[in-house]
Structures are given as C-alpha cells and as structure tokens.
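Participant: Given next are the chains, with one letter for each unit.
There are 2 protein chains.
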Amino acid sequence: MSMDVTFLGTGSAYPSPSRGASAVVLRREGECWLFDCGEGTQTQFMKSPLKAGRITKIFISHLHGDHLFGLPGLLCTVSLQTCPTANKQPIEIYGPVGLQDFIWRSLEITRSQLAFPYVVHELVPTPNQCPAEEFKDFSAKGDNIGSKEVQGRTIHLDPVEESYILIESEQIIVKAFQLFHRIPSFGFVVEESAHPGKLNVQRLKEFGIQPGPVCGKLKNGESIVLENGVTVSPSDVLEDPVPGRKVCILGDCSGTVGDGGMRLCLEADLLIHEATLDDTQTEKAKEYGHSTPKMAAEFAKLCSVKKLVLTHFSQRYKPSNLTEEGDDDVTDMKRQAQAVLDWQELVLAEDFMTIEIPMKKPKKKSVKI
Amino acid sequence: MSMDVTFLGTGSAYPSPSRGASAVVLRREGECWLFDCGEGTQTQFMKSPLKAGRITKIFISHLHGDHLFGLPGLLCTVSLQTCPTANKQPIEIYGPVGLQDFIWRSLEITRSQLAFPYVVHELVPTPNQCPAEEFKDFSAKGDNIGSKEVQGRTIHLDPVEESYILIESEQIIVKAFQLFHRIPSFGFVVEESAHPGKLNVQRLKEFGIQPGPVCGKLKNGESIVLENGVTVSPSDVLEDPVPGRKVCILGDCSGTVGDGGMRLCLEADLLIHEATLDDTQTEKAKEYGHSTPKMAAEFAKLCSVKKLVLTHFSQRYKPSNLTEEGDDDVTDMKRQAQAVLDWQELVLAEDFMTIEIPMKKPKKKSVKI
Numbered sequence: 055m056s057m058d059v060t061f062l063g064t065g066s067a068y069p070s071p072s073r074g075a076s077a078v079v080l081r082r083e084g085e086c087w088l089f090d091c092g093e094g095t096q097t098q099f100m101k102s103p104l105k106a107g108r109i110t111k112i113f114i115s116h117l118h119g120d121h122l123f124g125l126p127g128l129l130c131t132v133s134l135q136t137c138p139t140a141n142k143q144p145i146e147i148y149g150p151v152g153l154q155d156f157i158w159r160s161l162e163i164t165r166s167q168l169a170f171p172y173v174v175h176e177l178v179p180t181p182n183q184c185p186a187e188e189f190k191d192f193s194a195k196g197d198n199i200g201s202k203e204v205q206g207r208t209i210h211l212d213p214v215e216e217s218y219i220l221i222e223s224e225q226i227i228v229k230a231f232q233l234f235h236r237i238p239s240f241g242f243v244v245e246e247s248a249h250p251g252k253l254n255v256q257r258l259k260e261f262g263i264q265p266g267p268v269c270g271k272l273k274n275g276e277s278i279v280l281e282n283g284v285t286v287s288p289s290d291v292l293e294d295p296v297p298g299r300k301v302c303i304l305g306d307c308s309g310t311v312g313d314g315g316m317r318l319c320l321e322a323d324l325l326i327h328e329a330t331l332d333d334t335q336t337e338k339a340k341e342y343g344h345s346t347p348k349m350a351a352e353f354a355k356l357c358s359v360k361k362l363v364l365t366h367f368s369q370r371y372k373p374s375n376l377t378e379e380g381d382d383d384v385t386d387m388k389r390q391a392q393a394v395l396d397w398q399e400l401v402l403a404e405d406f407m408t409i410e411i412p413m414k415k416p417k418k419k420s421v422k423i
Numbered sequence: 055m056s057m058d059v060t061f062l063g064t065g066s067a068y069p070s071p072s073r074g075a076s077a078v079v080l081r082r083e084g085e086c087w088l089f090d091c092g093e094g095t096q097t098q099f100m101k102s103p104l105k106a107g108r109i110t111k112i113f114i115s116h117l118h119g120d121h122l123f124g125l126p127g128l129l130c131t132v133s134l135q136t137c138p139t140a141n142k143q144p145i146e147i148y149g150p151v152g153l154q155d156f157i158w159r160s161l162e163i164t165r166s167q168l169a170f171p172y173v174v175h176e177l178v179p180t181p182n183q184c185p186a187e188e189f190k191d192f193s194a195k196g197d198n199i200g201s202k203e204v205q206g207r208t209i210h211l212d213p214v215e216e217s218y219i220l221i222e223s224e225q226i227i228v229k230a231f232q233l234f235h236r237i238p239s240f241g242f243v244v245e246e247s248a249h250p251g252k253l254n255v256q257r258l259k260e261f262g263i264q265p266g267p268v269c270g271k272l273k274n275g276e277s278i279v280l281e282n283g284v285t286v287s288p289s290d291v292l293e294d295p296v297p298g299r300k301v302c303i304l305g306d307c308s309g310t311v312g313d314g315g316m317r318l319c320l321e322a323d324l325l326i327h328e329a330t331l332d333d334t335q336t337e338k339a340k341e342y343g344h345s346t347p348k349m350a351a352e353f354a355k356l357c358s359v360k361k362l363v364l365t366h367f368s369q370r371y372k373p374s375n376l377t378e379e380g381d382d383d384v385t386d387m388k389r390q391a392q393a394v395l396d397w398q399e400l401v402l403a404e405d406f407m408t409i410e411i412p413m414k415k416p417k418k419k420s421v422k423i
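Chains as they are written, first to last, in the working numbering: chain L, 55 to 423; chain S, 55 to 423.
Simulated from the structure, these hints should not be mistaken for lab results. What you are looking at is a predicted structure, and each value in this text was computed from that prediction instead of being measured. Please note that the accuracy of each hint is not assured.
Which copy? The list can't say, so a pair holds if one copy fits it or any two copies do.
Unchecked claim - Pairs of lysine-lysine, BS3-like flavour, derived with a Cα cap of 30 Å: (1) LYS388 / LYS259; (2) LYS348 / LYS361; (3) LYS142 / LYS415; (4) LYS105 / LYS338; (5) LYS355 / LYS418.
Let the hints inform the model, and build the full structure from the sequences given.
Facilitator: The following block contains the structure:
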C-alpha cells in the first residue's frame with residue numbers, strides 16, 4: 055500500500071518562481087490530502103503529476119496568508135472540474151477557528167457556487183500558542199453557511215492528551231497538536247493502524263483450511279471452528295502484523311506548546327518541520343516564531359523520528375540547482391541540522407519533490423515462554 | 055514619455071502554467087497601475103521585468119475570483135518589501151462595492167499589518183449590469199477599516215455621462231463604465247490630456263526672448279509682456295500640441311450597458327477586450343456573460359479604436375508556442391476578429407507580452423482665415 059508526500063511549495067512568506075508558498079500533499083490509498091494551501095497551490099498542482107480534483111481532505115496549520123490564500127481559488131477550480139451530479143463526498147477541511155468564515159466570505163463575495171459539498175472543522179487554539187498581543191479570538195463570527203456547506207465540528211484541545219482528535223477510523227487516526235508561532239499554529243500527525251499480517255499458506259494447509267470465506271474471516275480477526283471441532287484463531291495462521299506508518303506535518307513554529315507534540319511524533323517515519331532561517335539567525339527566527347535547522351533537528355532527535363524533512367525556507371535560500379554566485383543556498387542549513395542528528399535521515403525539501411514512506415517490516419510477536 | 059501595457063495573465067476562470075489569471079499593468083511616467091489581480095499575479099510580476107513594489111493604483115473590474123484572489127497576497131508581499139518608515143503615498147484601489155470589505159477581512163484573518171497605507175474607492179453598480187438573479191448588494195457591510203487604511207470614496211454612476219469619474223488631474227483622467235456580465239463588471243478608460251507643444255526656438259529668437267524663467271511661463275500656458283511692451287502669448291511660440299493617448303481596459307463582459315462605454319472608448323489608441331470563447335461558441339459565451347473575437351472586434355470597430363488586443367482566453371486555447379497536436383490554439387480567434395475589423399490593428403495577448411503606446415503626432419492647429 056503506497057504512501058508518499060509531495061511538496062508543492064517550500065518557501066516562506068510568499069510564493070516565488072523558485073519556491074511556491076506552503077503546500078504539502080499526502081497520498082495514500084488513492085486519497086489525496088492537502089496540508090496548507092498558499093497562493094498558487096492550484097498552479098503547482100498543474101505543474102506536478104498530482105491532481106487537485108483528487109483532494110478529499112485539507113488541513114490548514116494556521117491562518118497566515120502564505121498558508122491560506124490559495125484555498126478559495128483551489129476550491130473554485132476543483133469545482134469547475136467537478137460534475138455537479140457526481141454526488142461527491144464533502145471535502146473535509148480542518149484548521150483554526152476563523153477558517154470557515156474566511157472560506158464562506160471569499161466564496162460569497164465572488165459569487166462562487168461550488169459543485170461539491172464541503173465541511174470545515176475548526177480547531178480552537180489557546181492563548182499560550184502565540185505572544186499575548188497577537189492572539190485574537192475569531193470565534194464570534196456570524197452563522198453564515200454556504201449553500202454547499204455542511205456544518206462542521208468545533209474541536210477543542212484534550213487537556214490530558216494535549217491533542218485534538220480530527221479523524222479516528224479503523225485504518226487511520228489523525229490528531230493535531232499545539233505549536234507556538236506569531237499566531238496560533240498546529241502540527242498534524244497521521245498514523246495508520248497496524249496492517250494485519252498475511253495468511254501463512256503452510257499453516258493453513260496444516261489445519262486443512264481450503265481457500266474460501268473462512269480465510270477472509272481469519273484475516274479480519276475472527277476465529278473459526280473447523281469441522282473436526284478445532285478452533286483456529288487468527289494468530290494461528292497469520293504472519294506477524296505490519297506496524298502502521300506515522301507522518302507528522304508541522305505548521306510554522308518556534309517550538310511546541312506542552313508535550314503533546316513530542317508524544318504524538320514519537321518514532322514517526324517522517325517529520326516535516328519548518329526551517330525558515332539558518333542557525334546564524336536563531337534570534338531573528340525565534341522573534342518571528344520560526345525555527346532554524348538546529349531547532350528542527352533537536353525536535354526530530356527528541357522524538358526519535360526516522361526521517362526529518364526541512365521545508366518553509368526563507369525565499370533568500372534558493373534551491374541548489376538555481377543558486378547563482380552570491381546567493382544563499384540551503385547547503386549550510388543541511389550541515390547545521392546534520393550536526394545535531396544521530397542516525398536520522400535528513401532531506402531538504404524542494405518544490406515537486408516526492409518522498410515515499412515504505413511499508414514497515416512485520417513486527418515480531420513477543421514469544422510466549 | 056513612454057507608456058506601455060504588460061499582460062501578466064491572459065487566461066480565464068483560473069490560473070494555469072501557460073496563462074495566468076487576469077492581470078494587466080499600465081506603466082506611464084514611472085507609475086505602475088495594475089488592472090485586475092488574479093491568483094498568482096505576484097509570482098507573474100517576479101517572472102517579468104516589472105516590479106510589484108512600483109504599483110501606485112489598482113483597478114478591479116469585477117469581483118470574480120480569477121480577477122481578485124491574488125490581491126491580498128500581493129499587498130502582503132509588497133508590504134514585506136516596503137520600509138515602514140518610507141512615508142509612502144497610499145495605494146489607491148478602485149473596484150465594485152464589496153471590495154473594501156474583502157480586502158479588510160483577508161488582511162484581518164491573516165493578521166497582516168501592511169507597511170503602507172491604502173484606500174479603497176468603491177464603484178456602485180446598477181442591477182442592469184447582470185442577470186437579475188445574480189445581482190447582490192454588498193453595500194450593507196460593516197464599518198471595519200484597517201489600521202493602515204484611509205477611508206475611500208463611494209462612486210456613483212453619472213447617469214447623464216453614463217460613467218464613473220475615478221481620477222481627474224491636469225495630466226490624466228480615468229473613468230469607468232458599465233459592462234454586462236454574470237455579476238456587475240466595469241471597463242476603465244485612461245486618457246491623457248494633450249501634451250503642450252515644444253517651444254519653437256526660431257520664434258523665440260524673433261521675439262528676442264532668451265532662455266530663462268519666461269520660457270517656462272510660456273510653456274505652462276502663461277502670456278508674458280516683453281520690455282518693449284509687446285505681449286507674447288503661448289500660441290505665438292509653442293509648436294502644435296500633442297494629443298494625449300487613450301487606453302481602455304475592459305473587464306469580463308458580453309456587452310456594454312448604455313452608450314457610456316462606446317463614447318468613452320471612441321478613437322482609443324488601445325482597447326483591451328476579453329474573448330473567452332471563439333465564434334463557434336457564441337451562445338455559450340453569452341450565456342456566461344462573455345465575448346467572442348467577433349463581438350470584441352465589433353465593439354472595437356464601433357469605437358474606431360486604433361488597436362484591439364484580445365485577452366482572457368479560455369484555458370483550452372493554448373498560446374501558439376505551447377500548442378500540441380489536437381490542442382485548441384488562438385489562430386482561429388485571430389481570423390474571426392480580423393474578419394470584422396477594417397484597418398484596426400489586432401493583437402492576441404500572451405503572458406508577459408508588452409505593448410507600447412507611442413506618443414502621437416502633434417495636432418495641427420486650425421488655421422485662422
């Protein structure tokens with residue numbers, strides 16, 4: 055089962071021809087989830103092999119324009135490509151309180167009638183996610199709702215887990231956690247459930263089980279009773295389960311709030327973290343609520359993640375292949391992060407880069423003594 | 055005195071890699087005026103030799119997203135490049151009622167503090183500018199105003215002239231007129247005053263006038279009295295005045311409302327008109343409030359303009375240099391417009407195309423008999 059992330063925008067503050075504004079796509083099981091949607095994301099989709107029409111969920115980490123201004127246009131363009139009678143499932147949009155009203159107003163002023171339904175679920179931030187003078191409560195919005203809009207949920211912080219539960223299904227759990235930035239920002243963690251192990255043909259033979267519906271039952275975790283009265287439980291015939299994968303995508307931040315983020319990101323297969331400025335500008339980075347390669351790498355190390363991807367670079371850092379004499383490039387940033395990391399893999403994102411997250415190896419069951 | 059227009063986006067409905075969303079820049083006297091600002095306009099600026107930081111005025115023809123969604127991001131990016139203590143003049147923004155509130159809300163939700171002042175002047179449309187069911191009155195907005203915002207004017211239609219007066223100075227007049235579209239849309243006419251003729255050195259000599267302040271007075275239209283008591287009027291020593299240039303930039307439309315547009319565009323040096331679909335799709339074009347090459351050419355001919363530029367092509371019409379086997383290209387559209395025109399020049403716009411509007415020849419004064 056393939057799973058990958060594609061970077062459609064790796065620049066901070068604004069889109070440029072060399073680095074689009076923030077946008078990351080996670081693909082899994084034919085679904086396409088978009089994380090942040092800076093201006094120009096729809097054009098970046100067109101330049102990539104990905105299809106914006108496949109998007110089923112959108113996550114907005116925070117309400118700064120370079121993560122948000124592409125969203126109304128993207129929805130309108132996807133709508134133009136959608137058959138109005140297609141009976142499409144609602145596109146689910148998650149983001150901070152204020153997002154629903156922004157989308158509604160942008161569609162309303164432009165008289166945009168979407169051809170598909172959508173729903174906005176809003177995360178309620180807390181004032182400790184940003185400097186006190188920057189916190190603004192956007193919850194006092196009107197009750198305006200679009201003609202194609204389905205009422206969404208208001209999602210509060212679970213103060214014990216220090217996280218927000220966005221999606222909980224048998225296959226996948228998506229949670230958010232709190233980041234500290236100039237305005238409240240969130241990180242998202244997508245975690246698969248363990249994939250059941252394969253049926254072991256040899257063991258099936260030993261029990262005398264022929265291929266058929268009973269195999270499906272065993273695979274789905276049900277025990278069966280054979281004609282000879284013997285009970286076969288799934289663990290008798292299934293190989294070791296394959297642990298699910300975990301991908302963490304963080305919004306802009308100079309750090310996390312509480313320990314929720316650290317716990318959720320623990321042993322992630324992939325951690326996508328911002329590194330707006332290099333380590334020589336740590337004070338400035340922190341002042342603007344941003345991170346440096348060292349800060350990102352320290353969090354990755356703390357969480358024992360397998361692979362760290364840095365992104366959201368200041369537009370001054372040109373991608374390596376576009377660097378001209380005198381330009382800042384990202385080589386120094388790579389060195390700065392690497393100096394902190396142990397065995398973790400490190401990647402510096404560029405627009406249109408795709409990173410696969412391979413299936414894990416089956417986890418050995420503990421041996422009963 | 056140079057004057058030119060540059061097309062930063064020539065596609066309709068949404069931006070694509072081959073045609074950006076609507077945006078035209080008029081440059082004159084070091085000033086840079088932007089007409090419409092679809093998503094991605096700021097990136098198109100970066101790809102062109104033009105500088106978004108030079109923009110002094112912005113005109114939005116109508117409130118559809120492909121003409122508007124790039125505006126908040128463009129303002130934010132220009133702000134990042136602006137020194138907060140630069141004491142910059144306000145950027146003046148003109149567009150339909152509802153524009154001020156959209157800009158305010160987009161900046162507010164993203165907590166964007168602009169480094170320069172701006173002012174939004176709103177044109178009040180009338181219900182006959184669109185199908186009755188599409189007309190929506192956006193005037194009942196709140197009184198929200200940004201921290202860097204200067205209160206703008208509300209500009210009503212002059213029912214006699216059938217136009218809106220936006221700017222009236224000694225050098226230039228800008229007016230708007232009403233177009234018919236799916237939602238109210240406007241056309242803009244920029245007209246220079248006549249440039250005074252040059253001082254004729256031979257005639258100055260005949261009067262015994264030496265170079266100095268008196269020459270400036272004559273050039274500025276003042277008469278002077280020589281020491282010998284002779285009165286010299288400007289017309290005695292100035293060459294023929296040079297007529298001003300006229301550029302007309304129309305928003306989306308399937309036609310004009312009333313005769314204001316025709317009168318204002320009469321004998322324009324340049325008329326920029328949309329041609330979303332080709333003549334074989336006239337019914338569909340009209341249904342969506344759009345024009346075809348024939349419709350645009352007929353208006354250009356009616357107004358006896360010198361040069362017609364077609365733009366705002368459906369994304370199905372690829373620019374000539376990007377056409378692949380089986381693609382629609384714009385060649386047919388050129389032929390369709392040409393079939394209507396007489397002596398008028400015809401140009402089909404492409405992204406990053408610049409068209410100069412040369413100074414005119416001096417107009418011969420009428421000879422007194």
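Participant: All the hints need checking, so say for each whether the structure fits it.
Facilitator: Evaluation of the provided hints:
1. LYS388 / LYS259: neither (53 Å within a copy, 74 Å between copies)
2. LYS348 / LYS361: within (15 Å within a copy, 59 Å between copies)
3. LYS142 / LYS415: neither (36 Å within a copy, 61 Å between copies)
4. LYS105 / LYS338: between (37 Å within a copy, 27 Å between copies)
5. LYS355 / LYS418: within (25 Å within a copy, 81 Å between copies)
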